[in-house]
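K.L.:
Sequence:
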Amino acid sequence: MVGHTVHVEPSGELAAVDTSEAARLMPMLLGGDTGALDVVLARPQRQMPPVLFAAAALLHARGSHAEGAAWFYAAQVRARFDANRCTDPTAAGALDVLRERFGEPINRWAFTGRDRVRRAAITGVAWDRRAPHDYDHRWIALHGMGAFGPQRGPVSVPAAQWPALAARTRAEYLTGLREAVREYLS
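In this text, residue positions in the sequence shown follow my numbering: the first is 651, and each later residue adds one.
Derived by calculation from the structure, the hints in this document are not laboratory data.
Please read all numbers here as calculations on a predicted model, not as lab measurements.
There could be a bad hint or two in this list.
[Stated by the list, open to error] Listed next, with one range per pair, are the computed distances between beta-carbon atoms:
1. E750 - A810: 28 to 38 Å
2. R768 - V658: 39 to 49 Å
3. S836 - G799: 37 to 47 Å
4. Q695 - E663: 17 to 27 Å
5. P739 - A666: 15 to 25 Å
6. E659 - L835: 43 to 53 Å
7. E659 - A716: 35 to 45 Å
We treat Cβ as the ideally placed atom computed from N, Cα and C, and that holds for glycine.
Could you build the full structure based on these sequences and the hints that come with them?
P.N.:
Right under this line is the structure:
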């Protein structure tokens, strides 16, 4: 049935993933609530990437283009890292949804000059590197096909792999962005 929402209760390890703060903040940010934006920016390291995407969009809409772009790129890096450490490869589809929902106006502004996109990306990635990830990275697993059946093994790769995976994710992200800049601004 088209337009019918079906709620699926997560099971196993995914039942412990608390997205209530993101669910509370997202509609507020999308509605232009600057109080919610203040909450996010006071402790951005505690927010799941979708919240950072929405905060970036609100900053951009309010004219803080460079700051919005930096948060957009930080959100992308965090979401990619979360997808890379998730054992369900179908969960990575959430990145495309977030990029499509929030990326166009920010990228349109950023890609009007090499310095704009470079500064915003470097700022976002540097923040990601130094700020702790004080949120439940398993949020992304809720968007994969593995969330719709019995859990088959751990949701994430072993934590011992995360530092190298984070470094690789950042490096690949910046390489991909450099290639996009070359392609679009040549």
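K.L.:
The structure should be examined with respect to each hint, and the outcome stated for every one.
P.N.:
Verification of the hints:
1. E750 - A810: 28 to 38 Å: holds, 34 Å
2. R768 - V658: 39 to 49 Å: holds, 41 Å
3. S836 - G799: 37 to 47 Å: holds, 46 Å
4. Q695 - E663: 17 to 27 Å: Distance hint for Q695, E663 holds at roughly 23 Å.
5. P739 - A666: 15 to 25 Å: holds, 22 Å
6. E659 - L835: 43 to 53 Å: holds, 47 Å
7. E659 - A716: 35 to 45 Å: holds, 41 Å
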